[in-house]
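Novice: One-letter residues, chain by chain:
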Amino acid sequence: MTLGAALMAVWLKNVFYNALSLIVCLFGVACLFIYLNSEFLAIIEVIVYIGAISIAIIFAIMLSRPMFQKNESRNLGKILRSLLIAGFLFIGITRTLRATQWPVVSVEGDYSMKAMGRAFLTTSLLPFEVVSLVLLVAIVGALFILSGKNAK
Amino acid sequence: MTPAIFSQSLQTYLLVSTAMFSIGIFGLLARRNLVAILISLELILNSASINFLAFNKFSMPNKVAGQVFVVFIIALAAAEVCIALSLVLLLYRKKDSINIEEVKELKG
Numbered sequence: 001m002t003l004g005a006a007l008m009a010v011w012l013k014n015v016f017y018n019a020l021s022l023i024v025c026l027f028g029v030a031c032l033f034i035y036l037n038s039e040f041l042a043i044i045e046v047i048v049y050i051g052a053i054s055i056a057i058i059f060a061i062m063l064s065r066p067m068f069q070k071n072e073s074r075n076l077g078k079i080l081r082s083l084l085i086a087g088f089l090f091i092g093i094t095r096t097l098r099a100t101q102w103p104v105v106s107v108e109g110d111y112s113m114k115a116m117g118r119a120f121l122t123t124s125l126l127p128f129e130v131v132s133l134v135l136l137v138a139i140v141g142a143l144f145i146l147s148g149k150n151a152k
Numbered sequence: 153m154t155p156a157i158f159s160q161s162l163q164t165y166l167l168v169s170t171a172m173f174s175i176g177i178f179g180l181l182a183r184r185n186l187v188a189i190l191i192s193l194e195l196i197l198n199s200a201s202i203n204f205l206a207f208n209k210f211s212m213p214n215k216v217a218g219q220v221f222v223v224f225i226i227a228l229a230a231a232e233v234c235i236a237l238s239l240v241l242l243l244y245r246k247k248d249s250i251n252i253e254e255v256k257e258l259k260g
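Residue numbers (my numbering), protein chains in the order written: chain P, 1 to 152; chain D, 153 to 260.
These aren't lab readings, by the way, just hints derived from the structure by calculation.
Quick reminder that beta carbons are idealized off the backbone N, C-alpha and C, glycines included.
Watch out, some of these pointers could steer you wrong.
To be verified - Ranges of calculated distance between the beta carbons of each label pair, as one might list FRET restraints:
{"id": "1", "chain 1": "P", "residue 1": "17", "chain 2": "D", "residue 2": "245", "range": "48 to 58 angstroms"}
{"id": "2", "chain 1": "D", "residue 1": "211", "chain 2": "P", "residue 2": "83", "range": "42 to 52 angstroms"}
{"id": "3", "chain 1": "D", "residue 1": "211", "chain 2": "P", "residue 2": "85", "range": "21 to 31 angstroms"}
{"id": "4", "chain 1": "P", "residue 1": "132", "chain 2": "D", "residue 2": "213", "range": "20 to 30 angstroms"}
{"id": "5", "chain 1": "D", "residue 1": "247", "chain 2": "P", "residue 2": "101", "range": "32 to 42 angstroms"}
{"id": "6", "chain 1": "P", "residue 1": "140", "chain 2": "D", "residue 2": "247", "range": "44 to 54 angstroms"}
{"id": "7", "chain 1": "P", "residue 1": "146", "chain 2": "D", "residue 2": "212", "range": "33 to 43 angstroms"}
{"id": "8", "chain 1": "P", "residue 1": "34", "chain 2": "D", "residue 2": "224", "range": "29 to 39 angstroms"}
{"id": "9", "chain 1": "P", "residue 1": "43", "chain 2": "D", "residue 2": "235", "range": "17 to 27 angstroms"}
{"id": "10", "chain 1": "D", "residue 1": "213", "chain 2": "P", "residue 2": "87", "range": "31 to 41 angstroms"}
{"id": "11", "chain 1": "D", "residue 1": "212", "chain 2": "P", "residue 2": "147", "range": "21 to 31 angstroms"}
{"id": "12", "chain 1": "P", "residue 1": "99", "chain 2": "D", "residue 2": "246", "range": "42 to 52 angstroms"}
{"id": "13", "chain 1": "P", "residue 1": "51", "chain 2": "D", "residue 2": "224", "range": "16 to 26 angstroms"}
Just chain P, with the same shape it has in the complex (with noise of 0.2 angstroms):
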């Protein structure tokens, strides 16, 4: 259901219909974040990616009208072309995986969120701070790129 959402996301013509089934191949990729035992990342992906990130994609969608009514013509070489490119990297990484034998460890272990929190304010702090410090000039970039100034 993923995968299929996923070829959909990338195949279908209209871009609103693009953003749509987005949702539904993140809503997937949460389930498989469940399964591998992230519960609070399951959570943060539908939150932030579902809830944030495609609403935004839908948004600007919605406020640039050509986009949203005119469907785009296709370059059959074109396709054919990044077909062929994405095709030999699907069977060279396949390849791969099937030829290496991997290494399981354990599958018990820690994965609760006190001990990510822990993790967040102790070992990788300073990562974190950096990782807010972007999203703080990603958002003040935005907002400069849109403001008044720049804009015709």
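Starting from the structure of chain P, add chain D where the hints point.
Specialist: Only chain D this time, still in chain P's reference frame:
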């Protein structure tokens, strides 16, 4: 999400994330709409997150490191989408189109 024929193994997750990554690369190359390219980028970032969590579950003694990394990935993706969407809107205001083939000059 995984059918019954697939076992719960590391390889299955890696396979899924590889497929998602390839789909993202395909979309990145084939589409010409800026927002569609952004959506493909999201797919690629998500496949990276799946990879991180899969390795975190199956072959890391410390189960926190991968999750912390995925949180950073999500935060950076949010920042990137924020910037990119503002650029898209600016481009739309200036050019009335978001087809990347029509954006050729750097000094608009």
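Novice: All hints are to be evaluated individually against the structure, with a verdict given for each.
Specialist: Outcome of the hint check:
| no. | hint | verdict |
| --- | --- | --- |
| 1 | P:17 to D:245: 48 to 58 angstroms | 24 angstroms, violated |
| 2 | D:211 to P:83: 42 to 52 angstroms | 33 angstroms, violated |
| 3 | D:211 to P:85: 21 to 31 angstroms | 30 angstroms, holds |
| 4 | P:132 to D:213: 20 to 30 angstroms | 28 angstroms, holds |
| 5 | D:247 to P:101: 32 to 42 angstroms | 52 angstroms, violated |
| 6 | P:140 to D:247: 44 to 54 angstroms | 24 angstroms, violated |
| 7 | P:146 to D:212: 33 to 43 angstroms | 41 angstroms, holds |
| 8 | P:34 to D:224: 29 to 39 angstroms | 20 angstroms, violated |
| 9 | P:43 to D:235: 17 to 27 angstroms | 25 angstroms, holds |
| 10 | D:213 to P:87: 31 to 41 angstroms | 36 angstroms, holds |
| 11 | D:212 to P:147: 21 to 31 angstroms | 44 angstroms, violated |
| 12 | P:99 to D:246: 42 to 52 angstroms | 50 angstroms, holds |
| 13 | P:51 to D:224: 16 to 26 angstroms | 19 angstroms, holds |
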